[in-house]
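Asker: Model the full structure from these sequences, guided by the hints.
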Amino acid sequence: MELKDTKDQPQRLHSLDEFLAEQIGQQTRFPSLRLGANGVSWSRAGIKLPSDGSPAQVFAKLFMEDNPKVKENQRRFLDEDDSILDVVHADAKRLGARMSKPDQIKLDEYLTAVREVERKLQRQAKWIDVPKPKANDEVIRGNDEVVVDLNYPYNTPVMYDLMVLALQTESTNVITFGHPGGNRLFPFEGIELGYHSLTHHGKRPELLRQLTIIELYYTQQLARFFDRMKEAKDAEGQPLLDSTVVLFGSGMGNASSHSSRNLPILLAGGGFKTGEHHRFERAGRDGRPLCDLFVSILQQLGVETDRFSTSQGNLNHLIT
Amino acid sequence: MIPRLIIITFGWWLATGLQSADLQLFLKNYCVQCHGPDKQKGDRRFDQLTGDFTQLAEAEAFQEILDQLNLGEMPPEGKPRPNPPDLKLIVAQLTESLARARAAATENSGKVVLRRLNREEYRNTIRDLFGLKMVDFDPTTTFPPDDTIAGFDNVGEGLVTSDHLLRNYLYAARQVADKVVRPGPKPEMIRYEKANEAPTNTLEKDARAAAGRMFIKFRQPLGIMQLDKRRGVPAAGEYVIRFSARAIRRKSRYKDEDLRYNSNEPMRLSVSIDSRELGATAHRIIGEYNIPDDRTVEIEHRVWLEKGFTFHVHWANGPHGSFKRIMRKVLPKYNPDALYPARNPPEMYIGSGPELHVYTLGIEGPFYEEWPLAGFDRYFPSPPVSPNAEYLRSSLTRLANAAFRRPVTEQEIKPYLDLAERYLAENKDFWAAARYGMRAILTSPRFLYLNEHAPHSAGHKLDGYELASRLSYFLWSSMPDNELRAAAASGLLKTPEGLRGQVNRMLRDPRASALSKNFVEQWLHLRTLGEMPPDPETNRAYYEDDLENAMREETRRYFAHVLQQNRSIQDFIDSDYTFLNEPLARHYGIPGISHQEFRQVQLKPEHQRGGLLGHGSVLTATSNGVETQPVLRGVWILENLLGTPPSPPPPDIEPIEPDVRGVSTIRELMEKHRNNATCFECHRKIDPLGLAMEPYDFLGRWRDRYAKKIPLNATGNMPDGTAINGPVGIRDYLKKRPAQFTRCLTEKLWVYAMGRRISFTDRDDIDRIVAALPKHGYGLQELIHQIVASEPFHSK
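Protein chains in written order, with numbering that gives the first Met the number 0: chain V, 0 to 319; chain S, 0 to 795.
Hints listed in this document are in silico derivations from the structure and should not be mistaken for laboratory results.
A few of these clues could be false.
[Said to hold, decoys possible] Pairs of lysine-lysine, DSS-like flavour, derived with a Cα cap of 27 Å:
| no. | chain 1 | residue 1 | chain 2 | residue 2 |
| --- | --- | --- | --- | --- |
| 1 | S | 413 | V | 70 |
| 2 | S | 306 | V | 68 |
| 3 | S | 413 | V | 92 |
Answerer: Now the structure itself:
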């Protein structure tokens, strides 16, 4: 399914993380956390949602307590906005009464949006008085012994560390992290071309060599994240990784040709059966849509469903 | 003779009368065995399909069948397969039926679906409603992007209102209200300028005095103590922060690892703002500047500050860690005298390592050109000393009349006024209540949507106010101004001369630049320009000369020129002029241009330019920053110049991987399209156009051959068989058929003007316009007049 297929039904773009946030994310302060410079999340209405690429801002959002004056303002704004929404909702209904049917259907979006915002405002109001968990800001500032570099691409390990902290402190149950793309020059020895240029390697060995350096770095950061997730313990004293499903991959199997087949996907944690390489043949008869994996993930996380988006089945027989 | 006649008639009958039976037979022969009552491979069953494409589920099933046939995936090997002519026939039938089904499903019979303001329109409307300069103020930065339909983001059907957007509207309304509602006298300006500040530590003071300047100690912030003591700026507004700085000893005798610092990077100074009242979570970095080594740089940074905010500057990439660490761990390595860390005075280090020196630091503001603010004065004229509920109600009514773009009735405005008045009664704060009422009005569906309340009978006419809104959002992407509003109120706008007069006035107004920007960028798909920028190392000029913006500017000015001068729209196909500055001319290889600013330039044939096909913007946007993409260019030409867009490709097509080792040219690779009859059906129309454009590289530069002296072949045939060679061939083809491009541009402008897709009910009007335009020299202004005068533009 391509983006343009969903033009008439944008709801089809609802991404896995946002769906999960609705299902398992309502008990935490943040139903989901979207990190990284590249957004990869779409709401139920089919809107692409922004993500936060600044570790300092993410830290502030998760762990810095707003002072009483700010909280007072927040309470006041939430209250005021709630009353505004009541008035505009009623006015919209009045307006809609005189409209044609297609227009009424369109206006329904507005009415639904108002109700949804009211619900979220009320939810937010409840959390204002709950103190945020504490965390040491050395994760973004470093100290005399440890340097923390927030420049690209060295902010990658910092983001991963923030993710571990977020999960440990139960600030959220759903996190997405989109690595930055673009055509910036990786500041590593031996890299001479921008990242995007390297991904259009056209099979040239020189470009593949440089691309490998970058991808090695990112994979090393992922490995380091896994180590941290194994060291960190959840509330029951078990490694955090055991109760966390980690999905790592790309939407392209071959960036040089922009092919979205044969995707490289890595699944870890979450109590799945891991340690194996599963090969799937091309799309068509034996191919598997990625959503089949998503169905298995949803079921593992306790969501009662046997389909998601373009799924045709699930992969339980391979990983549970 | 006779046998041939019979066969032809027989064939026709088959094609029109027995389609459904053809499909059923095809399914029975090739699909149902594995996808039928006995077996449902892949969970698919096709024996129960009736061929009713109006049913969504059927249409989707057939789309999938079509895709699999096009991909050659189905029927699978080992199973009976149709012969190529039969396959081609079925594919053609399915494609045709599905296209018709799609068109029918989205048919709007000429009615615009309730259309909300898109992001650009919202911003412009706020600008005009309150007379704000939107230079440093953009309340829409966090708004989600708008979806496009038929290529434009102002089509009602595609403009969704989500809870995410609504939250943004609430927040934006608060920002706008805070900025607009500023009662009282003009805030007094403050000005702080410091050249030197007494530090608290006496030793450092001596060291600095000896050095004679301020500097930033590693990562500590440097600010203006008086400002901090006074708890920030006294009033909200635009401030100018000034500083002068220089990087000293960026490379020093200390090794980078010891200082934990990168001496290869230029020193960077960042500016942040803080509010003591709001605490740490209000901290924001508002700018970063590279500081040169060889001279003192003077910087002015303009920023909007709320009351109570202060600012500081920081050495963003200075040595990590504390000064204490430097003195205890680093210094002794380099200075044998530094043996007693506890007693080493700072001046042993100061003057030896890298330092960021700030010589002056100042702030001035708030700057207001006029007072009271235009937007405030407009709705709250001469406020009484003790404004009361009456004044609140009358002011907000004034605002609603403007914001809702039509006179509001008492009944309509009552809930908003009651809300604000209740707030006033509870909080006794008049201006807070005024802001509150303003926020409610700006969140109302009467503001956020273009309301055309006519009941849903066919062809109902818009009233004057609705027509005025449609017109102003078409030409200005913003609300009607007072004169247009007055023309609506008096009925002048409903007369042909009155309407024409207003259109002429509006096209001459600076706000018509919105048309050159919003329509053109979307018509020509230029919004993707910049998404895949070329490699910075091998394309320095692109960045140093700011070519991306220059390319955009060329196209924008070109359109604006055709518009302002009412030139023939055929200029978009070819002309002997364009708009260039020196860097862009150099990029194109056009000699003799030295002006840095944009000017109209005469083109000669040897320049290989002319019309939109020679614009760098188009050529770069139809490439991916690394190589050209002929299929993309071919599709672009079909969609935006010929007006005959191809059907969408089947999904999951394995894209061609260009062989940039130089073994094959892109033409040779694209030959693969011939191998599959159904692929070739569309690609024979797309590929030749794209390949004819190959002389323009991925940044729009002209080339006679490929790298490594591989020859470049730009010949091909148009869909109707006409032979072409290179871009000139395409231009000549289009020049001989001016009606084709005329129709294409008319349809594009139509969608943008109406805010909806084209309907079958529009055919006659569009035909009429296409036939009439040659008599007016194909003038672009005339085309706009014709669209605005058409009946659909005046109808709901």
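Asker: With reference to the structure, classify each hint as holding or not holding.
Answerer: Quick rundown of the hints versus the structure:
| no. | hint | in the structure |
| --- | --- | --- |
| 1 | S/413 x V/70 | 32 Å, violated |
| 2 | S/306 x V/68 | 15 Å, holds |
| 3 | S/413 x V/92 | 15 Å, holds |
The structure fails hint 1 only (numbered hints given earlier).
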